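Visitor: Chains as they are written, first to last, in this note's numbering: chain P, 346 to 455; chain L, 48 to 169.
Calculated directly from the structure, the hints in this document are not laboratory data. Model, not experiment: these values are computed from the prediction. Just so it is clear, CB atoms sit at the ideal spot from N, CA and C, and this is done for glycine as well. There may be inaccurate statements among the hints.
Said to hold, decoys possible - Distance ranges between label pairs, derived from CB positions:
| # | chain 1 | residue 1 | chain 2 | residue 2 | range |
| --- | --- | --- | --- | --- | --- |
| 1 | P | E427 | L | E48 | 20 to 28 Å |
| 2 | L | T75 | P | G375 | 28 to 36 Å |
| 3 | P | D439 | L | S120 | 21 to 29 Å |
| 4 | L | S151 | P | S440 | 17 to 25 Å |
| 5 | L | G91 | P | G423 | 36 to 44 Å |
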Amino acid sequence: QSVLTQPPSASGTPGQRVTISCSGSSSNIGSNTVNWYQQVPGTAPKLLIYSNNQRPSGVPDRFSGSKSGTSASLAISGLQSEDEADYYCAAWDDSLNGVVFGGGTKLTVL
Amino acid sequence: EVQLVESGGGLVKPGRSLRLSCTASGFTFGEYAMSWFRQAPGRGLEWVGFIRSKAYGGTIEYAASVKGRFTISRDDSKSIAYLQMNSLKIEDTAVYYCTRLISSSSIAFDIWGQGTMVTVSS
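The whole structure should be built from the sequences, with the hints applied where relevant.
Guide: Pasting the structure below:
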């Protein structure tokens, strides 16, 4: 059972906009920033969004993040076939004194 | 090129020990906190622990699931981080990733190694 809650799956067609939600609590998302990772099966995760809405160098601006209260979301616009991957949200948890993750959302591009 | 390369994984019996290494290149290793994560087959990501840079005391934090069994250390002169795993359990079977903390102001991990597989089985 993951500390952060994500939908197990999401889907969209090429060009569409999809959002993935991440729900937490006051000890994690409510008091710390949220990060998002993309993992293509069989490869290492890649940092996609940090500090709620910042993109590392090289990440397309099609990817955006937001946070409100104890929830966060990742939006992907102009969906492309190469976006098909697993997406994880993460945050520091003050009560557990560690990094906590969502269970991951498998994005399928139809 | 900024890179992390893990090594030391393999097959080990329950109760035994294993040490993973993470060799860094392309950046000033000593300036960054380093962390370990793991991913059991078919499962999600799990944080194992991290070690801060010397500038921040070199202190270490561990996940509850490994505290007392795993030890993280670093050798800044060699640009290597280590994960010493003792009293291994079957549930420690996973791909182990070494990562770099992006900065002191954000607990996000921007560089990941390719991972090394640890299988705990009798």
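Visitor: Take the hints in turn and mark each one as holding or not.
Guide: Here is how each hint holds up against the structure:
1. P/E427 - L/E48: 20 to 28 Å: Cβ of P/E427 to Cβ of L/E48: about 22 Å, so the range 20 to 28 Å holds.
2. L/T75 - P/G375: 28 to 36 Å: About 34 Å separates the Cβ atoms of L/T75 and P/G375, which means 28 to 36 Å holds.
3. P/D439 - L/S120: 21 to 29 Å: With a Cβ separation near 25 Å, P/D439 and L/S120 satisfy 21 to 29 Å, so the hint holds.
4. L/S151 - P/S440: 17 to 25 Å: Holds, at about 22 Å.
5. L/G91 - P/G423: 36 to 44 Å: violated (27 Å)
Checked against the numbered hints given earlier, this structure breaks only hint 5.
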